[in-house]
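Undergrad: First to last, the sequence lines map onto chains F and C. Following our numbering, the numbering of the first sequence begins with 384 at its first residue and continues without gaps. Following our numbering, the numbering of the second sequence begins with 384 at its first residue and continues without gaps.
Honestly, the hints are just simulated from the structure, not real lab data. Any given hint could turn out to be false.
Copies of the same chain look alike in the list, so a pair counts if it works inside one copy or between any two.
To be verified - Simulated crosslink set (SDA-like; lysine to any residue; CA at most 20 Å straight-line): (1) K423 <-> L435; (2) K467 <-> R495; (3) K403 <-> Y665; (4) K778 <-> I754; (5) K615 <-> N736; (6) K778 <-> G395; (7) K597 <-> E616; (8) K525 <-> A679; (9) K525 <-> S407.
Given the structure is predicted, the values throughout are model-derived calculations rather than measurements.
2 protein chains.
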Amino acid sequence: MESLKVGIIGFGTVGTGVFKLLQSFNNIEVVKIAVKNINKKRETENLNKEILTDNPYEIVNNPDINVIIEVAGGVNPIFDILKKAIENKKHIVTANKELLAKRGSELFNIARENNVIILYEAAVAGGIPIIMPIKTILCANKINKIAAILNGTTNYILTKMTEKGLSYETALKQAQELGYAETDPTGDVEGYDTAYKLSILSTISFNKKVDINKIYTEGITKLNTRDLKSAKELGYRIKLIALGQVLPDGKIDVRVHPMLVSKKHLLAKVDNATNSIMLSGYPVGDLIFTGAGAGAEPTSSSVVGDLLVLASELETGNSPLPQAVCKHNEAAEQINIADTYNEYYISITASNNPGAIGYIGTICGKNNINISTIMQNGINEDNTAEIVVITEKSKESDIQNALKELSASESVKNINNLLRVMN
Amino acid sequence: MESLKVGIIGFGTVGTGVFKLLQSFNNIEVVKIAVKNINKKRETENLNKEILTDNPYEIVNNPDINVIIEVAGGVNPIFDILKKAIENKKHIVTANKELLAKRGSELFNIARENNVIILYEAAVAGGIPIIMPIKTILCANKINKIAAILNGTTNYILTKMTEKGLSYETALKQAQELGYAETDPTGDVEGYDTAYKLSILSTISFNKKVDINKIYTEGITKLNTRDLKSAKELGYRIKLIALGQVLPDGKIDVRVHPMLVSKKHLLAKVDNATNSIMLSGYPVGDLIFTGAGAGAEPTSSSVVGDLLVLASELETGNSPLPQAVCKHNEAAEQINIADTYNEYYISITASNNPGAIGYIGTICGKNNINISTIMQNGINEDNTAEIVVITEKSKESDIQNALKELSASESVKNINNLLRVMN
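So here's chain F without its partners, still in its complex pose (with noise of 0.2 Å):
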């Protein structure tokens, strides 16, 4: 294999466990490492302090590196500092999802014309491998679904929430003293994280520009012990969803958000910080990839992979893989959440009253909404009641207008939730 001389921009968990990994081929040195804080004390094993900068031009602009590792994240200062490093002619491996999300596609445009590859397995469900066999031995199909656990501390949450019945406060605070979530979360719980990572499989899966701003995102935040307590009495778990469908007229619907899904589905068995992402395409049918979606070590496994592959190919002859170059640049026509269609889990809180669960089927039906399934969880001290409701499958704007409906109504105390499903 050629030989790779690398820099590594960004030298913290991940950073670091790719120095570790790096440590066993011969074939890859670490030329120079870009750290935030130069005078940090560092414990790193084989660790030659003199190779690290505070200054990460001083990896793009070094003749001696070829290829750039970039673990550091987010979109600022990093574009630019990306940008110089294709433009002189620096091959890129990044797990920076945020970037790909938000600029991706001016960063490929840009390494096409440099005759340079960007690799990023890491940037999606860390160390599933997941981007190298869609653009590769999957790449007969035509992929059409994408259902997917992509962000592994809210899975964490929404499973002790669920196991044992804890608070979605009292969760995270869980989560965050065992590393699983950050001392901001805000990235993860509000779905942000996962919304990227989902831009970027869609993109790849449906061969056409997913736009990051265009995708719904909800979050964790307003879910309730009531709420997962009601799913697993119906038969579901409650899971943060990363959905993207090709629409039988060509559009794409591609959202993030909680979902009730079935417990005999496969994803509602994934469970604390796992991974899991579903594709359906034809011909090859159903497949779950499932493993480690974060932490040093997974993340390190994909980067390096990445590595490995572009020292073999560029051994053949520095010709780019033709199959890890992008070719995006036909937009997806995205739909707007308001029109999709799916089943609804409605949590209403209601006057104890006979007329409460015949008014709220008759706005339900004025809305071209049929109720699948409706259970009342006893009587509240305040003589309200829970009532959940499960529609069949139904326009979101439909399901909108009844909730204003009911809204306005006398006999509803409140909407607590609306949730979609799937089966």
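Chain F is already provided as a structure; the job is to place chain C on it using the hints.
TA: Here is chain C on its own, set in the frame of chain F:
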């Protein structure tokens, strides 16, 4: 992409599926197809009958063809045919697990001498991407364990035996009626098909040549409904498991047999004809790949995927995919089943006398076997009782000795079954 001129050998279900899928790819031309019976009526769309032949050497010796798709199966006469094709510098895409398991290393050596590529994603687990990921994006890992369900027929039969309490014979008959099992089911139900796939998978995972003749192979024909029922009561499902592991001393433990799999394990949740492969490696951790393991459509996804990767690679200068050339000339040191360590399930029919359970415990203890669970399933009409024992991790040879001693005893009427357990 490079234009491929393809010859197909074998035109049954899979061959026809591949031909159909290839219609959507302009850069791939099917030049000739070798069939068994040239006079058979065929309804395949877009098939020009003039490209059919019943002589595969017309493909192998055709200078217009640069890739052979082999989906005929079996070792003879296919080995000789493919050998000739390789000597004629044709690349090979094959789904033939028996051939690769029995004579793969000979073929790979000839391919290396002739600078020709053999790809075989479809040979293991149908449509599930597993060969290419192991050889490319996962190649930074040391894989040390495989546990997999690689045969849809047996998994279907076991699912029906578990869910519906069917006998093996009835479940097999239903599987045959639905086309999930062949008229002669031997290759599937005796575990041979699974063993072929495991030999390929463990060879590329462990980077040492695993000898198919040294894989202990036990099928599902001796399982009865009582075993499936007891397993369920104890919190397990019975699955035909392909197991491969690298032991701390570097020796390799590779075998195929039914196992009680804890119902919490994701493999226990894989039902019907679905296949699933768990790989454990460092640094990636556990990965699970699940999907359709057979059938014309999923298999054609892998065959045409291999073809498209080949086309894309050949474009870069006709040098073989470095990572796709097998280098497994070092033979694995495979241990004998007698030297393996497992937890066990033992089903015994014993006299219904108060000493029986104590006696079983004593014999186990004498043979270094600790019992973790012991369960008596009611009393039979002839005043015998079925006793089920689950042991802690024990050596297979100790278990075999204990069973011999138990068989010789008056209290023990019959050793009904011995199965291994995976938690």
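Undergrad: If a hint holds in the structure, say so; if it does not, say that too.
TA: Now the hints, each set against the structure:
1. Taking the shortest alpha-carbon separations for K423 and L435, only the intra-copy value of 11 Å comes in at or below 20 Å, while the best inter-copy value is 71 Å.
2. Taking CA atoms no more than 20 Å apart as the test, K467 paired with R495 passes inside one copy only; the shortest distance there is 14 Å, against 41 Å between copies.
3. Taking CA atoms no more than 20 Å apart as the test, K403 paired with Y665 passes between copies only; the shortest distance there is 12 Å, against 40 Å inside one copy.
4. Proximity of K778 to I754 under the C-alpha cut-off of 20 Å is restricted to the intra-copy arrangement: shortest distance 13 Å within a copy versus 58 Å between copies.
5. Taking the closest pair of Cα atoms, K615 and N736 never come within 20 Å of each other, the shortest separation being 26 Å inside a single copy and 45 Å across copies.
6. Taking the shortest Cα distances, K778 and G395 never come within 20 Å of each other, neither inside one copy (45 Å) nor across copies (44 Å).
7. When the C-alpha separation of K597 and E616 is checked against a cutoff of 20 Å, the pair qualifies neither within a copy, at 34 Å, nor between copies, at 49 Å.
8. For the homomeric pair K525 and A679, the shortest alpha-carbon distance between copies (16 Å) is at most 20 Å, but the shortest distance inside one copy (33 Å) is not.
9. Within a single copy, K525 and S407 get their C-alpha atoms only as close as 38 Å, which misses the 20 Å cut-off; across copies the closest is 11 Å, which meets it.
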